[in-house]
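Put chain B on the given structure of chain A with help from the hints.
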Amino acid sequence: MAAKTVPGVLASFAHVDAAVEAISGLKARGFRDLTVYTASPNHEIEEVLDQPVSWVRLFTLIGGLTGVTAGFAMTIWMSNDWPLLVGGKPIAAIPPYVVLAFELTILYGSLCTVAGMIILSLVKSLKGRPFHPRFSDDLIGVFVPCSADQTPAVRELLTTAGSEEVTVHGA
Amino acid sequence: MTAIVHQPHHPTQTHAEVTRDVLATLSTPSRAYYMALFGAVAMFLIGLFTFVMLLKEGLGLAGYTPPVMWSVYITTFVFWIGIGHAGTLISAILFLFRSPWRTAVYRSTEAMTVFAVMTAALFPIIHIGRQWIFYWLLPYPNERWLWPNFKSPLIWDVFAITTYFTVSTTFLIVGLVPDVAAVRDKVSGWRKTIYKLFSLGWTGADSQWRHYSRGYLYLAALATPLVLSVHSVVSWDFAMSIIPGWHGTIFAPYFVAGAIYSGIGMVLTLLIPLRRVLKLEHMLTEYHFDNLAKLTLLTGSILFYAYAMEYFVAWYSGNTFEQTTFWRRAFGPMWWAGWSMIICNAFVSQLLWFRKIRTNLTSLFIISIFVNLGMWFERFVIIASSLSNDYLPYAWQTPAVTWADWGILIGSFGWFGMYFLLFARTFPVVAIQEIKEMIPYPRKHGGGH
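In order, the protein sequence lines correspond to chains A and B.
Note that the working numbering has the first sequence beginning at 1, numbered continuously upward.
Note that the working numbering has the second sequence beginning at 1, numbered continuously upward.
Only chain A is shown next, with the shape it has when bound in the complex (with noise of 0.2 Å):
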């Protein structure tokens, strides 16, 4: 089942100032809910968006947090389940199990960070978004979900910015 369209418009931009000085017309209208498509990550529009930063660290620091707590918690529960006495070391030797506390922690810190980024990434929902392939090689676009009476204005800004093409959407 197609997604429902969303509607708006969607520029595409050539020129990199020409999408910055775009986005920072449609926010100075109060258009926060906007979609920008680039082919690499980009700081002049990173620093327009604004946005704040990702809270992929938090995954990031909740598996590496598990990880190390389960690498200490696993080989330590495991060596007094069945005490062995090995090499004149002790039952539960910490600084052998470091190494496998280590390891873990960076398992699960990766794991976590990659379940974070796929997460995150789908709370904002860009279903029903126009999209246009070029956008993931030359041109940077640009939606705005608009209403039907915004459009003229929303098109009109677009389009002095230097877009090289706009078009309606759901209209």
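Below are the PhoX-like pairs computed for lysine-lysine, each with C-alpha atoms no more than 25 Å apart in a straight line:
1. A:LYS127 <-> A:LYS4
2. A:LYS127 <-> A:LYS27
3. A:LYS127 <-> B:LYS196
4. B:LYS356 <-> B:LYS294
5. A:LYS127 <-> B:LYS192
6. B:LYS279 <-> B:LYS356
7. A:LYS124 <-> A:LYS27
8. B:LYS186 <-> B:LYS279
9. B:LYS196 <-> B:LYS186
10. A:LYS124 <-> B:LYS196
11. B:LYS279 <-> B:LYS192
12. B:LYS444 <-> A:LYS27
13. B:LYS192 <-> A:LYS4
14. A:LYS4 <-> A:LYS124
15. A:LYS4 <-> B:LYS196
16. B:LYS186 <-> A:LYS127
Think of the hints as simulated: they come from the structure by calculation, not from any bench.
Using the frame of chain A, we list chain B on its own:
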């Protein structure tokens, strides 16, 4: 394949040209590609046949000669693990250092890492003899509720390598997603359906980049200590024992430097022909090979120092067993292996002080072959030669190398080459989005960012 034309450090193409050029590598492959793939599959089949024979007849087919019960298979295991180190070094550590030259080469080295670790992981399984119960290495109890011995470096190794394989594969896949999306948007038919599936709905929206960029940074930060730890753990497989020639505190840094050295050597061996086969001469330039060569020189020099230090420590320790082991490395029955290691690694790498050699692809390719050979010999010397002269002189024995050893060794190169070639044909071997990140978007009003 002689001197490379000097090109500017930053790419000069436009964004559209980058997509076009990288996508061209995925078009119908050349005859050279098919020949290479055929060769790899043939080598893999040799390995497969040998493995079937090992399953049928047992490890007696391999050249295990007491007291040398770790020989070619463990040597080749450590060799492939080492190869896997260059990828994560280039993709993660140099990413954190913001080294611009890594961009064009990191994807292929990262793929090399994953396939090298996949190759290495086969060896402990081949080596254990009863391959069908390899899962005993995993932390689950047997029927008497006994758990693995976590004080053993061999168990540390299981954890280190599985973690390294998982994290490197994750890192490779995460890096591929935006590029697969770029391919998806350019191809049609069934290929579009496949790439669409693997692009995981990527559109390059700001909401995706925001989490992607951060996540990638953290993955790099986690992979950095991991890459340094994995070969340290591998080195402790040896250093934690009391075998003369193994029981050294320098083993961890010595092994890590050697791993990076061998990894870069393999990167050169793969990339020099690959840039020609895939027509990437304008993307992989003098700048990249010069930097790879400098890294080879640095790690080769660290190895030079480590070799010298090993001999010094053996002499300075006053320990007869240690001294005998090192004397026999140079002048014993396996002198040829000892000298191959020193010449290929310590001396040949020093040629890279000369810029003319660093920027000549033919000489770099030849040096890279010496690096690969030298690093295999290094592991053979450390493992087989040290075991061959243990504490009991009456038990000293020179290890035999049989057809079953060679068969598995050849098969491992085929297994690795097969995956690498298929990858190079299916996915972009140069990171499209990172190259584009280095090229500023055009500006309406001119000027730079």
